[in-house]
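Take the sequence shown: its position 111, counting from 1, is numbered 111 in the numbering used here, and each next residue is one higher.
Honestly, the hints are just simulated from the structure, not real lab data. No incorrect hints appear here.
25 angstroms max Cα-Cα, derived BS3-like pairs, lysine-lysine:
1. 148 - 48
2. 156 - 48
3. 148 - 106
4. 110 - 53
5. 149 - 136
6. 46 - 149
7. 110 - 46
8. 156 - 92
9. 110 - 92
10. 106 - 156
11. 156 - 53
12. 136 - 46
13. 149 - 131
14. 92 - 148
Because the structure is a prediction, the values reported are computed rather than measured.
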Amino acid sequence: MDKTYRFYLSVSNRILAGLLALLGFSNTSCSPVDEYGSPYATYEIKGKVVNEKGTAIPDMQVIIPAPDADNEEDQFMYRDTLLTNSTGEFNKQLEVGSFGEDVTFKIATKDIDGEANGGLFEDTVTEVAFKKEDLKGGDGNWYAGNAKKDVTITMKRDPLVCD
Numbered sequence: 001m002d003k004t005y006r007f008y009l010s011v012s013n014r015i016l017a018g019l020l021a022l023l024g025f026s027n028t029s030c031s032p033v034d035e036y037g038s039p040y041a042t043y044e045i046k047g048k049v050v051n052e053k054g055t056a057i058p059d060m061q062v063i064i065p066a067p068d069a070d071n072e073e074d075q076f077m078y079r080d081t082l083l084t085n086s087t088g089e090f091n092k093q094l095e096v097g098s099f100g101e102d103v104t105f106k107i108a109t110k111d112i113d114g115e116a117n118g119g120l121f122e123d124t125v126t127e128v129a130f131k132k133e134d135l136k137g138g139d140g141n142w143y144a145g146n147a148k149k150d151v152t153i154t155m156k157r158d159p160l161v162c163d
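Could you build all of it, start to finish, from the sequences and the hints given here?
So this is what it looks like as structure tokens:
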């Protein structure tokens with residue numbers, strides 16, 4: 001009885017292991033990978049940060065979160081932080097997984113250098129919206145195209161700081 005029991009147990013274990021391997025149950029806890037690509041578009045944002053008089057402000061922090069980052073945690077995890085150059089300009093190219101729908105980037109600009117470079121400025125949030133029609137050069141498959149925007153961000157002096 002003992003040998004027969006072990007034989008049937010061994011055979012059934014092998015059959016079940018083979019079925020599980022064929023059906024792929026050993027990998028169900030992993031996130032699925034898009035095997036044949038995923039849709040995406042590229043967006044380029046060129047910007048300049050100026051004060052109320054139109055003078056360029058260098059060394060301003062420019063934060064560009066992912067457009068689909070709905071909550072604070074996602075905005076923190078999926079963002080890019082830049083600094084404006086000596087002429088107050090920044091440039092960023094972003095690749096976004098999408099089917100080419102309308103996309104809005106909420107660009108936060110912060111004064112991180114204190115009184116340097118023209119004084120203290122208030123933090124600002126500027127929305128840069130891209131429409132589906134802005135995308136050019138898509139291949140008709142996974143690549144929806146490229147869109148570019150130029151934006152000027154005007155920083156206001158912090159009213160709580162006395163001159």
